[in-house]
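Once you've looked at the hints, dock chain C against the given chain Z.
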Amino acid sequence: MNVEVRQPAAAGPAQTNPAQSRMAIADCDIHHSPKSFNLIHKYLAKRWCDHIDTYGFRARQGNASGPQYPKGQPDASRRDAWPPTGGRPGSDLDFMRSHLLDSCGIELGILNMIRPHPGGFANIELSIAVARALNEWQIAEWTQPEPRLKASLVVPYEDPIAAAAEIDHWAGHPDVVQVLLLSRTQQPLGMQRYWPIYEAAVRAGLPVGVHAFGNGGQPVTSTGWPSFYIEDMIGHSQSCQSMLTSFVMEGVFERFPTLKLVLIESGFAWLPSLAWRMDRTYKALRSEVPHLKRLPSEYIREHVWLTTQPMEEPEPREHLRDIIEWIGWDRLLFATDYPHWDYDDPARALGLKVSPQERQAFFIDNAAALYHRS
Amino acid sequence: MIPPKGAIDCDIHTSIPNLEALLPYLEEHWREIVLLRGMDELNSISFPLKAADAARADWRPLSGKPAASLAQIQSEALDPFDTAIAICSSLYGIQLLHSEDLAAAFARAVNDWMVATLLSRDTRLRGTIVIPTQNPDMAVDEIERCARNPAFVQVLMLAGADTPLGKRHCWPIYKACERHNLVLGIHAGNTYRNPPTAAGWPSFYIEDSVAQAQSFQTQLTSLICEGVFSRYPALKVVMLESGFTWVPTHMWRLTKYWRGLRMEIPWVDRSPDEILRDNIRFSLQPVDTPPNAADLERIFEHLQSDRLILFSTDYPHARFDGTDAMPDGLSPSLMQRIAIDNPRETYARLTETVA
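Listed in order, the protein sequences are those of chains Z and C.
Sequential numbering from 1428 applies to the first sequence in the numbering used here.
Sequential numbering from 139 applies to the second sequence in the numbering used here.
Calculated directly from the structure, the hints in this document are not laboratory data.
C-beta: ideal position from N, C-alpha, C; glycine also.
Please note: incorrect hints may appear among the correct ones.
[Stated by the list, open to error] Simulated pairs of lysine-lysine, DSS-like, Cα-Cα distance not exceeding 25 Å: (1) K1720/Z with K188/C; (2) K1462/Z with K1498/Z; (3) K1687/Z with K1720/Z; (4) K203/C with K1710/Z; (5) K188/C with K203/C; (6) K1710/Z with K1720/Z; (7) K1462/Z with K1473/Z; (8) K188/C with K1710/Z; (9) K305/C with K1498/Z.
[What the hints assert, rightly or not] Between beta-carbon pairs, the in silico distance windows are: (10) E238/C with Q1495/Z: 24 to 32 Å; (11) P1601/Z with D407/C: 52 to 60 Å; (12) P1717/Z with S237/C: 38 to 46 Å; (13) W309/C with R1575/Z: 50 to 58 Å; (14) A431/C with G1513/Z: 54 to 62 Å; (15) G1493/Z with D250/C: 50 to 58 Å; (16) P1717/Z with E282/C: 46 to 54 Å; (17) D250/C with T1685/Z: 58 to 66 Å; (18) R1682/Z with D479/C: 48 to 56 Å; (19) K143/C with T1685/Z: 52 to 60 Å; (20) H236/C with G1489/Z: 20 to 28 Å; (21) R306/C with R1575/Z: 48 to 56 Å; (22) G1514/Z with M401/C: 23 to 31 Å; (23) G1514/Z with H236/C: 47 to 55 Å.
So that you can see chain Z by itself, here it is in the shape it has in the complex:
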């Protein structure tokens, strides 16, 4: 964050700065974008370029540009992340190399395209066309020139058949390591209408990542529209909890026993309490969901990974250790969220005294195993 956050003494850089010790880092949430959307035009049919110029994206929100809640910083970004050559933060590969990859020792960086992610565009044909264009763009201009970076496929998720076709198109491409959805969808993501996406992801051997944000066309909380950006941000952990509940209760993991689900940028400390709640409720109401064969917590333990940024920061920080142990040290994926303002620095983020094995799992091994980059 762009604020001074108190750090416990145990988290001194001498002990925990992985960059200094040159431990390799996997960053599982990096945001890139074109300097200007016009640079995507060469990957798009003229019909769609004209359409976007005239009508815009119409992404199920009222304001034609910008977010529904003004961000806390320009472009929600670190002040030092604006490339010296101009353009948005995250739009210059050379600057990202020196500012992020080299300086933090990032050996594996997962690119998550959310600026924009076309999956929520109300016009499905537009969503399909822009998804293909952005995937071609990110392979040609980001992962091909920079082998440390790998791509998450953006897919037109409100048309799951089309999304599955997009996954099939890229299946087996060495630069593609994940299918990317956003968390705010028209309906809860566990519903059967979305299952073609999971079927295709399993067929391609790709985890499904769900990143916070998007517009499903309904209020961002279960109790209506809040007033403030801070509520929007905190609310991702609530919407993500309901989305995960949907995955479990609909039986997605029963139907797709090899599916791997990655929850991105929604926090992680809420997971144990949610799993306990689901287990308790399931014991009382299992007759409603007879398609489930195991406790909800068992599906979660086997199928779910979470990226770490924005790290919850209890005082004392040691309380976080309980949470991580309840989740499992093998299920967290370190992420910076570069170039955003609430970025987590790998040298300071964890703030716990950890064993070499735990540190290795947290910062690189879990991601390397999940994304097959060991």
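Just chain C, lined up with the frame of chain Z:
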């Protein structure tokens, strides 16, 4: 474990036996309307009556609803636990109505029914004022009308509301609560003005039920961020049937983002964590218990306070067997605080004598 004798049970429920039972308490116009229009029972899908958790098997009568009479409540919820005081609420679906006038009429009827049927007949019972949340002005009128009776100690709102509850249009309700030392009790439930999860309408009741906790989390965020407690520092909020094992991690996230974004909400001039400690409490049952009892101690360690949880049985909902209303893993001193001290410190009107 069994709660200490003399406990204060902060969340029990009574069922309105049926619409007919309210007719004597409705003004003549509304009584005619109910009959003329053939209105249905106001049962909410938040609480399917036959679902296993809606009532314990031994608390289901052969006919009629659970918890629908004084005798049922006395013999099932009060006597077996040696309860000193129990705070009772009705979850009849009044907040779901779209007509403000109809909701206000039914709120008056339910409150008067509760006084006549329960509160005036057993001094161990205290009541929760049902208000027409659809219209804050009418809600305040109902609070003013009922607050004269010291047996009412709390005002009821639902966790899934028309808007986040911190929104300024709700503030007259909070002002009235503060004026009368009434606790604002936010209970599980939903007006269903919005999809009951932030991810949309789910397929199953079980998802709606799990999602109640996320609605409480959202309300906690809203009440703090909008500045309700900066404006009404004496207001006490109790989250009822909310679960509480989520509270520490939610506060970590809320406090972290407050540090980063407090310029957006400058009226929140101290840490959300401090505000929570001064103004917000949670009822005990149902407990989203970790698989190992020892881990519940870790949750209390994370809460960093023994003041936040208030004893409740959640009667007649099925949350535990027999009289084991206290989860395993709590020390005797913590049980004492939860069962007696914390409720007394929270519900100021419990010190008043009731007739």
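inquiry  = Taking the earlier hints as the rules, which of them does this structure contradict?
reply    = none
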